Amino acid sequence: MSRLKISTPNKAQLTVERLYKDLERHIIASPPGLCPIDLQLSFLKTCHAQTCGKCIPCRVGLAQLANLMEDVLENRATLKTLEMIEVTANNITDSADCAIGYEAAHMVLAGLDGFREDYLYHIEHGKCSYAITQPVPCVALCPAGVDIPGYIALVGEERYADAVRLIRKDNPFPTACALICEHPCEARCRRNMIDSSVNIRGLKRMAVDQARANTVPVPEKAPATGKKIAIVGGGPGGLSAAYYLELMGHHAVVFEAKNKLGGMLRYGIPNYRFPRERLEEDIEAILSTGVEVHTGVKVGNNEDDISLEKLREDYDAVYIAIGAHTDKKIGIEGEESKGVMSAVEMLRNIGDETPPDFTGKRVVVVGGGNVAMDCTRSAIRLGAKSVGIAYRRRQDDMTALPEEVEGAIAEGAELYSLKAPHKIEADENGNVTAIWVEPQIIGPIDAWGRARPVKADVELLRIPCDIVIVAIGQGIESRHFEDSGMPVKRGTLDAESESGFRDIPGVFAGGDCVTGPATVIRAIAAGKVAAANIDEYLGYHHVISCDVEIPQVKYDNKTPCGRINLSEREANIRKHDFDAIECSMTKQEAAQEANRCLRCDHFGYGNLKGGRAAIW
Amino acid sequence: MVNLTIDGRCVSVPEGTTIMKAAASVGIMIPHLCFLEEINEIGACKVCVVEMQGKIKLITACNNPVEEGMVLYTNSPKVRSVRRTNVELILSQHDCSCATCVRSGNCNLQKIANDLGIIDIPFKKEVPSAPWNQDFPFIKDAGKCIKCMRCVQVCDKIQDLHIWDVQNTGSRTTVDVAMNRCIEDSDCSTCGQCVTHCPTGALRERNDVPEVFKVLADPDKITVVQVAPAVRSAWAEDMNMPEEMATEGRMIAALKQVGFDYVFDTNFSADLTIMEEGYELLKRMDNIKETGLPMFTSCCPAWVKFMKSQYPKYADRLSSAKSPQQMFGAISKTYFAEKIGVTPDKICCISIMPCIAKKGEAALPGMDVTGTGPDVDIVLTTREMVRLLKAEHILPELLLEEKFDSPLGEGTGAAVIFGTTGGVMEAALRTAAAVLEGANSNPEKFNDVRGNEGRREVTYHVNGIPIRTCTVSGLKNARMMMDDIINGKVIYDFVEVMACPGGCVGGGGQPIKDGVEMATERAPKLYELDKRRNVRFSHENPEIKKLYADFLGEPLSEKSHELLHVHEEHLV
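Sequence lines, in order, name chains Z and D. With our numbering, the residue at position 75 of the first sequence is 75, and numbering never jumps. With our numbering, the residue at position 193 of the second sequence is 809, and numbering never jumps.
Note that these hints are calculated values from the structure, not bench results. Quick caveat: nothing in here was measured; it's all calculated off a predicted structure. A few of these clues could be false.
To be verified - Simulated restraints, written as ranges between beta carbons of each label pair:
#1 I615(Z) with N1063(D): 31 to 39 Å
#2 H125(Z) with A833(D): 54 to 62 Å
#3 H778(D) with S545(Z): 20 to 28 Å
#4 M1096(D) with D577(Z): 57 to 65 Å
#5 P928(D) with P560(Z): 34 to 42 Å
#6 E1133(D) with A110(Z): 21 to 29 Å
#7 S1057(D) with K228(Z): 54 to 62 Å
#8 I504(Z) with E1133(D): 31 to 39 Å
#9 H125(Z) with I956(D): 49 to 57 Å
#10 S545(Z) with S697(D): 23 to 31 Å
#11 D1100(D) with G226(Z): 23 to 31 Å
#12 D1100(D) with E309(Z): 35 to 43 Å
#13 V743(D) with E536(Z): 41 to 49 Å
#14 M795(D) with D577(Z): 55 to 63 Å
The beta-carbon is built from N, C-alpha and C at its ideal position, and this holds for glycine as well.
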């Protein structure tokens, strides 16, 4: 008998490991709208299967919790049952030996608090208050509700122009979204259950690369209604509303404060991510509907401005989509020094084609979001000698997309994680010489699951630099609107979900100026909602539709197959110019990727509840 | 054309054809359960699965189109195994009490299980249950629901009322009244189209046959039965009787055999309805022309319920005339009771209707003209009548034909076509034209209002007055018509609406033939009866003339208003 043995996993263990991965992917692909109690019960059962069985609260308590929850689901529960669940779960939390028990009970308590209303609904009505409303997960999660399975099938058949037309039914910025959308659609793609999500954005990119938006004619407009709508802000939200209103036969007049249209697409997102000529393709198509544009005109109180009151007088309706373009300060010593600039200012100058010259300069960017990465990578391209990113938390905690952070690092940026900005040091002329940062250790996790940084017991750190770029968020220029009587809440315009305002007929608002800084697709969706509701407000019910026929499903075996990611130009080459980083798919790649789509519009709940909204 | 092979046979069909249809074109009938053409093509039951050569997963034949060159097997070992298991799984959650089920012998699930030779279910039996108001005109039995979603789809796509929906998620997913309402609090019109499209006994009419046996056993009660026009077009379908034997005369004979004291005809009161409603139309014509809003027929209780719940503002445009069923009830308990010298409480009025909504109509407030109880005491559907006859072991084909009793048994050709879409309109126009022009026109003059389309518009010039008519069946069509009127897109003078597609011949109380819409086969039978009647104008019905002469006076008289019209407080 040997004293020790080398353990190697057996087949059963290996299989269980694989099943864990399968389950993870299944959870990722959980469709929205499921009964949260039913889900929680299944989680609880998984947790219970993990118990070693030694301690009573975990071995028996979790089972009894499951029974009580089963009572709720089977319409056998009363309010007493809820109390019982709470008391039992608390007692398990307080007495289980190890995390298997107390964390399982903790999850039950979280649910009891988080969806208590559904618990009560079950007890009162014997039914669940949740329902699957949009059966296709990608469409459900796209704020604009774009017909994703439809255009993927079209790309699969190389019908690129049709794909662009179909996308435009719900989103007049196919190119922008093909290049820079954060693709919430991919998050719960059912393909995750097999291998990983379909590269939806990549396939859209294939469509707009093969059929440029400005070469695909916009649909025919409805007969003119004679109504005029003022759109304040020529960003993605304002232009989306303008586009649909024109299609409906109204006349949209856009007032843009800056010199050019595009909003954050031009003044926030650098060329290497979204080349300007590609932006022009979308804008050209939108303007081809007849949208009237006035650039360099601000809506406000100043002498040269147009006031909201005047717009309300002269137009049948007003849509406010001014975005979030003001900067936020850190509030540390030395922030007023020469060489400190805001991200908004820097990106605006780049957008207006008057970029700052950073040749030979040492730059530090403060922040961890996508804008901070845009500044970092732009600074590298503007000739900086070195670029650092100072961030209070860890790299994993950054709100920027991981690929943006990795891209910046690959291009040579130095990441100073767990370094909170403390003060900015300047020479006698007021020029920045360094930024002092306060090292942090990562600490307790807050209610939203984010770890909070805590001051470390070490010396301050001095990072020598010439330029500091502050990229810690944007605000909204809401003052004029507040003065004009519009409701403003925590700096954002307080519009309803239908984009209108109670008691202020004819004025609508949406996008970043209502939600705070968000994504382009949410601004587009808000523009779409506003167009529909303005149309109704004006007494019409125009329908937006698309006559593109969707290819019939294919019966190919859905065997596991890797996801095709878009390739990028090499870091060492791309960092010297502002040209596009990302490359399109090949036709071979696009055909394979399109075929990975499971066509949830046809298979599953889609063909009961209608896989697509053909009109809106 | 797309070429493919199914079970070794070469098939050539147009592009877009489903696999199921392609197979049927060469005589291969793929079994299916949830499928309902154009209404429910969701591939939920997975009974119609087929195997495609080279593919791992089976494909549902009902909702997937053919592909060029595909090679399909409808009975491969894999298909056999899957189809059987899926039926066994359905049965594991189905209350298989076939012996006591109204759909026994006419149940798709039963047939498939029998055909597959399933005599045992290998899974644990878990039959769900859910409470239901047993007094409602129709009953849902959760234990028999197989979640095929047909009821959801029929109510969404044909009736546009969205009464049913999927409820809960995950393993507890079921079908229930949408938005978590109780059926009685919903806007359900009780048209019964969900019932006639249910593949099992999960939806059925409330069974009122026992009430009939109760009154038949009561020596103090005089039973008076009325039979609606559409019943005679369909009753034989479930009687296993040759078509040509299914005459009105044998239907009468069979009912007499049951033991009813008087067998009368709702056609009689349909003629009466035409008199009242026709005169009402003429009386309201100035107002109609002035407001641009039509008068709507009111003989379909599901439509009336729909109007009151969906367009309450327009409910006063409904004719105030009661439906033939209710006019009959009122006359039977007044005029007829007087005639035979009994008090109204002695009479039990039983109606046989192609309809479930009629059960609710009979119980509406105001439908009690004598104050002794409802004018119509019991409402049976055509299906219940068939069950009654079967329970009484009556074989109509062995009976001699008989005639309806008098004085409420005479019905004209105009009345018998009430049972189909356009019939009320045509009958009303025949009489209205005669009143306006002083002489009868050709009875076929107004037959342009006939047809199978859900909505038909015809304008007639009667005595120089243009009468713009619209005839609608199906509540979705009714909603579109109402929206067009409200949006000023159309102007009509007189509109007939029947809730069920094709009218009462396709009613929710009619015999069920799974997957087949029978209305278009039944309607010609009524037109044939009309053609063969000697009298084809309601105003020439001798019994109706006598009723006015002896009892009511004239159409729209005070007495008529009291007995035959819905009073103002019950109009909206």
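The hints, checked one at a time:
no.	hint	in the structure
1	I615(Z) with N1063(D): 31 to 39 Å	holds (37 Å)
2	H125(Z) with A833(D): 54 to 62 Å	violated (42 Å)
3	H778(D) with S545(Z): 20 to 28 Å	holds (22 Å)
4	M1096(D) with D577(Z): 57 to 65 Å	holds (59 Å)
5	P928(D) with P560(Z): 34 to 42 Å	violated (57 Å)
6	E1133(D) with A110(Z): 21 to 29 Å	violated (52 Å)
7	S1057(D) with K228(Z): 54 to 62 Å	holds (56 Å)
8	I504(Z) with E1133(D): 31 to 39 Å	violated (52 Å)
9	H125(Z) with I956(D): 49 to 57 Å	holds (52 Å)
10	S545(Z) with S697(D): 23 to 31 Å	violated (44 Å)
11	D1100(D) with G226(Z): 23 to 31 Å	holds (24 Å)
12	D1100(D) with E309(Z): 35 to 43 Å	holds (40 Å)
13	V743(D) with E536(Z): 41 to 49 Å	holds (47 Å)
14	M795(D) with D577(Z): 55 to 63 Å	holds (58 Å)
Consistency with the previously given hints fails for numbers 2, 5, 6, 8 and 10, ordered from lowest to highest.
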